[in-house]
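One line per chain: the protein sequences are A and B, in this order. In terms of our numbering, the first sequence opens at residue 1 and continues consecutively. In terms of our numbering, the second sequence opens at residue 1 and continues consecutively.
Everything labelled a hint here was simulated from the structure, so no lab data went into it. Predicted, not measured: the structure shown is a model, and the values here were computed from it. Zero decoy hints are in this set.
Simulated restraints, written as ranges between beta carbons of each label pair:
| hint | chain 1 | residue 1 | chain 2 | residue 2 | range |
| --- | --- | --- | --- | --- | --- |
| 1 | B | Gly172 | A | Ile36 | 41 to 51 Å |
| 2 | B | Asp42 | A | Asp18 | 16 to 26 Å |
| 3 | A | Leu138 | B | Asp42 | 48 to 58 Å |
| 4 | B | Leu271 | A | Asp136 | 53 to 63 Å |
| 5 | B | Ser279 | A | Asp37 | 38 to 48 Å |
| 6 | B | Leu194 | A | Arg185 | 56 to 66 Å |
| 7 | A | Asp18 | B | Asp61 | 51 to 61 Å |
| 8 | B | Met153 | A | Asp164 | 13 to 23 Å |
| 9 | A | Asp18 | B | Pro64 | 45 to 55 Å |
Heads up, the beta-carbon is just placed ideally off N, CA and C, and yes, glycines get one too.
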Amino acid sequence: MTLSDSASTVASAPLGGDAPLIDPHAHFHTPYSNRIDWQRYNASRLEAGDRIGVRCHVASVLGSWGATSPTYFSSPDDQTRANDWMFDFAELHGSRVRAFVAVNPNFTTHALAEIERGVLRGAIGVKLAAARRADDPLVDDIASLAAQHGMPVLQHIWQHRRRDWPNQDASDGVDLARIAARHPRTTFLLAHIGGGGDWAHTFPAVRDYPNIVMDLSGSGIDRGMIDEALRWVGAERVLWAADLTLCTGLTKLRALQHTGASAADIEAMRWRNAVRIFPRGAFAAVLPEIAPL
Amino acid sequence: MTSPLSASPADARPIDINAWIGAYPFREVPHPDPDVLVRVLDREGFSGAWVGHLPGAFHRDPEPSNRALYAAVAPYRAVLHPAPIVRPDWPQWERTLATAKSEGAPAVRVYPAQCGMGPGHSGLAELMLACGESGIALHITVRFEDLRQRHAMDSAGDVPAATLRALARLSGSRGHLVVAGAGRELLEETHWGLTPDEQARVWYDFGWIWGPPEDHFEHLVRTVGAARLAWSSWWPLRLAQQARALVDLLPQPLRDRTPDSAFADGRSIALSALTAASS
Numbered sequence: 001m002t003l004s005d006s007a008s009t010v011a012s013a014p015l016g017g018d019a020p021l022i023d024p025h026a027h028f029h030t031p032y033s034n035r036i037d038w039q040r041y042n043a044s045r046l047e048a049g050d051r052i053g054v055r056c057h058v059a060s061v062l063g064s065w066g067a068t069s070p071t072y073f074s075s076p077d078d079q080t081r082a083n084d085w086m087f088d089f090a091e092l093h094g095s096r097v098r099a100f101v102a103v104n105p106n107f108t109t110h111a112l113a114e115i116e117r118g119v120l121r122g123a124i125g126v127k128l129a130a131a132r133r134a135d136d137p138l139v140d141d142i143a144s145l146a147a148q149h150g151m152p153v154l155q156h157i158w159q160h161r162r163r164d165w166p167n168q169d170a171s172d173g174v175d176l177a178r179i180a181a182r183h184p185r186t187t188f189l190l191a192h193i194g195g196g197g198d199w200a201h202t203f204p205a206v207r208d209y210p211n212i213v214m215d216l217s218g219s220g221i222d223r224g225m226i227d228e229a230l231r232w233v234g235a236e237r238v239l240w241a242a243d244l245t246l247c248t249g250l251t252k253l254r255a256l257q258h259t260g261a262s263a264a265d266i267e268a269m270r271w272r273n274a275v276r277i278f279p280r281g282a283f284a285a286v287l288p289e290i291a292p293l
Numbered sequence: 001m002t003s004p005l006s007a008s009p010a011d012a013r014p015i016d017i018n019a020w021i022g023a024y025p026f027r028e029v030p031h032p033d034p035d036v037l038v039r040v041l042d043r044e045g046f047s048g049a050w051v052g053h054l055p056g057a058f059h060r061d062p063e064p065s066n067r068a069l070y071a072a073v074a075p076y077r078a079v080l081h082p083a084p085i086v087r088p089d090w091p092q093w094e095r096t097l098a099t100a101k102s103e104g105a106p107a108v109r110v111y112p113a114q115c116g117m118g119p120g121h122s123g124l125a126e127l128m129l130a131c132g133e134s135g136i137a138l139h140i141t142v143r144f145e146d147l148r149q150r151h152a153m154d155s156a157g158d159v160p161a162a163t164l165r166a167l168a169r170l171s172g173s174r175g176h177l178v179v180a181g182a183g184r185e186l187l188e189e190t191h192w193g194l195t196p197d198e199q200a201r202v203w204y205d206f207g208w209i210w211g212p213p214e215d216h217f218e219h220l221v222r223t224v225g226a227a228r229l230a231w232s233s234w235w236p237l238r239l240a241q242q243a244r245a246l247v248d249l250l251p252q253p254l255r256d257r258t259p260d261s262a263f264a265d266g267r268s269i270a271l272s273a274l275t276a277a278s279s
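Using the sequences provided together with the hints, build the complete structure.
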């Protein structure tokens, strides 16, 4: 893929408004997954992002997406190859795409080495899927290393895990709160409050842990979800994001103005919180009107 | 009573085919009141809505729910078109349907999953046929919430495609079936399991179909066609902006040749049902 393959031809006003917008929860596919349409998928994401007004996709690749090891339990070799692809892709797209380094905590030495390698390749965050519960002691060294590099940890979350679900050792807000308490210097980005499960359980679970911020992504667009998130943790701890469905992302973006959030709150959710939690200068190139960063 | 076809005739904006008023038993939904719905519809570009009474979907007897619905929407009949519940396994359901007709309802709702009616249920078939003769669409809600978040007491499950196909395949039917909450898989399993004549009497709200980057919505617009896909808000359960977001995110060349009016809505479906019944 080249830049020209995916560059948007759309010049009209962004569907999500002119103000800066960062998507801190994105994914791309690779030639190593089972999808023969991986290039179309990636191009669609970038094109739709351009039309919505996303200035930067902060993205990860979860191993082979199930082709040669399970999506949420990626083998070290698959994850290394995926990270390499992600770093290359981010490099190709410059400021438009930034990378998370994704790791499997079951392979601690490998995971820590991948994070160091990721930092050298420009990664700006750590992605944890569901190979281990968030509060497992195996995650401690990863959380510590992320803090050393000033990077947030994006943790896949099932909102209120009432039972074990197939193909993942999912964590919920209570699990994440436990590790957040152990690592107060680490910022944890709680993934997709609209991504499945009961979001109402998550908000009180994380309320008292200021190092947990939540992203709005996921296919869920329940009325009341954003309002309750703001009521429990405030706009400073909520980030707009899309994950796998940019359509619901646009819907939630447009709904923000009807939640009672102030202009400053909406600005925080669109991009300011991302600027705060990711390493300094991570988005400087896509926020030229904002200085200094 | 106001006809769904004459409502705000100068307003060409789509009529939403899936909204409710009233509380939801499994979680709080903010201010699910008709006056709020009227304001939201206007704000989000709808000229009106087919409105059901949400609590009644989970009650045994639909009659109190229907009375509450008619009373609640009465002050807003230019915009809110009642879609009451008919249980074809409940005594005197034919009278309930007749009342719906006299009240100017463009559709009646049946909840097969909540009432324990599976594919091929004879009562559903009788209701579908009767709706066709009455010029009223039959509206089925596949699901209310994502499977992953449902309350432990919400064990009804989704309406399967087999139920939808069975209704659409009824011999001699003039019935019009409107399906709310279908994803791509269920929609395709239904649509491509029907003859062209049968396909032409089924519509699907598109609020649960994914846009980019999966692009299921684009795929269905290109294959099934916009005429089978209907505008909806899903208020008060879901954010009402989703249908517009999906249309706005269609690839620009496809969007350019697919105006809003290319999709179905409450007005076009109601007109089709009335025309079929009178033919």
